[in-house]
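S.K.: Once you've looked at the hints, dock chain D against the given chain V.
Chain by chain, the residues:
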Amino acid sequence: MGSIRAEGLRKAFGDVEALDGVSLDVPDGAFFVVLGPSGAGKTTTLRSIAGLERLDEGTVHLDGLDATRAAPAARDLAMVFQSYALYPKRTAFENIASPLRARRLPRADIAHRVRQVAELLHIERLMERRPAQMSGGEQQRVALARALVREPRAFLMDEPLTNLDLKLRVEMRTELTRIHRSLRGTFLYVTNDQVEAMSMADQVAVLREGRVQQTGAPREVYERPANRWVAGFVGSPRINLLSCRADGDRLVGDGGWSLPRPSWAAVEPGRPLLLGLRAEDLSLDRRDEASSLDGELYAIEPLGDRTLVDVQVGGVVVKVKARPSAGGRPGERLAVAVDLDRAHLFDADTGVAVPR
Amino acid sequence: MGEISIEGLQKRFPDGTLAVEHLDLAIGEGELFVMLGPSGCGKTTTLRCIAGLERHTAGHIRIGGDLVDDLRPSERDIAMVFQFYALYPHMTARENIAFPLRAEGLRDADVGDRVAEAARMLRLEGLLDRRPGRLSGGEQQRVALARAMVRHPRAFLMDEPLTNLDAELRADMRAELKHLQQRLGTTMVYVTHDQVEAMALGHRIAIMREGRLEQLGTPLEVYDRPATLFCARFIGSPPMNLVDVELTNGALTGPGGLAIEPPAGLVRGVRLVAGLRPEALDVTDPGAEGTVAGRVVSEEMLGDEVIYVIETGGTDLHVRMPPTTHYGSEAPVGIRHAGGPPPVYDPGTEQVVA
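Line by line, the protein sequences are chains V and D.
Residue 932 is where the first sequence ends in my numbering, and the numbering goes up by one at each step.
Residue 355 is where the second sequence ends in my numbering, and the numbering goes up by one at each step.
Treat the hints as calculated values from the structure; they're not laboratory data.
Keep in mind that this is a model prediction, so the values were computed, not measured.
Backbone N, C-alpha and C fix where the C-beta goes; we use that ideal spot for every residue, glycine too.
Some hints here could point you the wrong way.
What the hints assert, rightly or not - Some chain D residues well away from chain V (every beta-carbon gap over 10 angstroms; in silico):
#: 1; residue: 2
#: 2; residue: 4
#: 3; residue: 73
#: 4; residue: 129
#: 5; residue: 234
#: 6; residue: 285
#: 7; residue: 348
Unchecked claim - Computed, partial: chain V to chain D, Cβ under 10 angstroms:
#: 8; residue: 579
#: 9; residue: 581
#: 10; residue: 747
#: 11; residue: 754
#: 12; residue: 791
#: 13; residue: 794
#: 14; residue: 874
#: 15; residue: 888
#: 16; residue: 890
#: 17; residue: 909
This is chain V alone, in the form it adopts within the complex:
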């Protein structure tokens, strides 16, 4: 068992409101990711759940029982940090075994558990090495193994992949998903990397300035962002946001462009809005004079499997996902076809999505 329910968490450090009423409902066995920029309150949330921070307000329930005032050790949660914090003079085996030795488990049981976890993480051959004899990725696996060996109620992970290079991060993402599936444990995972959140989570909570902006499955958060910050934080390249107003059945942009107003968008005339367009919902190939933006080619960024074409539209540079061979010269005139069914609208003042 390993459900976690945090309700109305508040925590201030001096004048700084780190948590401003954070609530999370993490079901048993979930891979739950808290995503947000640095300073959003992610680590404080995690530390509060672990019992390492004293809350000003709010409650933490573990498996339905109030643990708000329980000591960290009594909560039976394992933490994995971005720094590996291995004992430098001990071998990988001894590092992984240390939480079990502290609990005075019989020697044979310890060896058995360590071997199981080592197999799960593919680090059997590292068992006799000391941290200095291992690469960063190997050390991270050993640190993970040390957390996993305990069979705690849940695993709390604070940006564990941040210090790894891109290749290893991609590998470890797949690896963590696999480990989560075979352990069937609860993972509460904190990161500022939206790719990690999207790729591993079954539930994502997007945090900004100490408040949860939206909770949902990755696909939901991507396709129906609750506000402009969620839209801007999830997805790469970042969603294009263009200032505009509704004028009759048109949307009129600050830069002079105009598009048909999507039928679902019931908005007050004249109200300042942001039109959110993802790079893949724009096209340079499709001909659609009724709903396209005129612009000038700004730059071409080939990425191999696709090319990003930057187009200047009324003073704003818009990124368009195009086929790998797309080309052109800066200054060239272009028409960008907009898939309005997939467009997003946000209130420019509050940032909240216009309902569809």
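M.R.: Same frame as chain V, now just chain D:
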């Protein structure tokens, strides 16, 4: 003008380390040329030799046709931009930009003209009286670039200038830099270890490894046909799937019996490795035409695409699919290669053979 030629460059440090073993490069006038490689590959040392900050131990460097081997950095007429944040904090943007011109003893009126010109090109007009502390990261970067520009150098040399910026700003500045370089038309040599940045920016990319050139080509050339297994592993994320293949009766077969269109000129009877890009593979319902059986190891929904890891014949393959597909973990699926003939390597020499 701004073309740079490097012939037989070698740099051995006093402690014996051979940072650059042998390098020949011809960088064209007005080109945005990227040197890419992991740390220790010799890319920064090469840049520092071009700048004159290191004295190479063999070979020749020419800038605009002039031999510069024995010239001091200040005599080479190039501008070096390191981290974009190296601005004087107590000076305004205007004073920062004017600094190299004042150091040269230019007249006030000329300094004013040059600063105004750079500020206009970099859209800094409204910000000239601010100090760096009151500028955003992107604005500071433009000021640093303006400072490098005002001298009208023959070339810009840049060493990982975007490394310290956060991901979003880096993506914005990348487009900005490329746009500017094209407008200015000044030769730029850009060093990075980030393959995405290299692809997005470079007209051509030189991939370096252990002091030698591993591959030279346009972004699409190095992406579509990496010259060596090292390049194949270095470019693209998720990386190219490098799989053992067999050639029998003109047919190329991969893990689990996967049929791959063979490139021309393959030699029979040798061990071969094919490089399959994730987007050159398709995941389908099990049993679909032309597929072999596989199993979903993981499904990563990234919004505009889904990355699958599919196990077939004991090998894990990365596959890039549109977001409309959905196969859960452990689901049985079909997998096929659909991308035309892939590059094929000899695992002994690590070189592309067809």
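S.K.: Kindly indicate which numbered hints from before are broken by the structure, ordering the numbers from low to high.
M.R.: 5, 8, 9, 12, 16, 17
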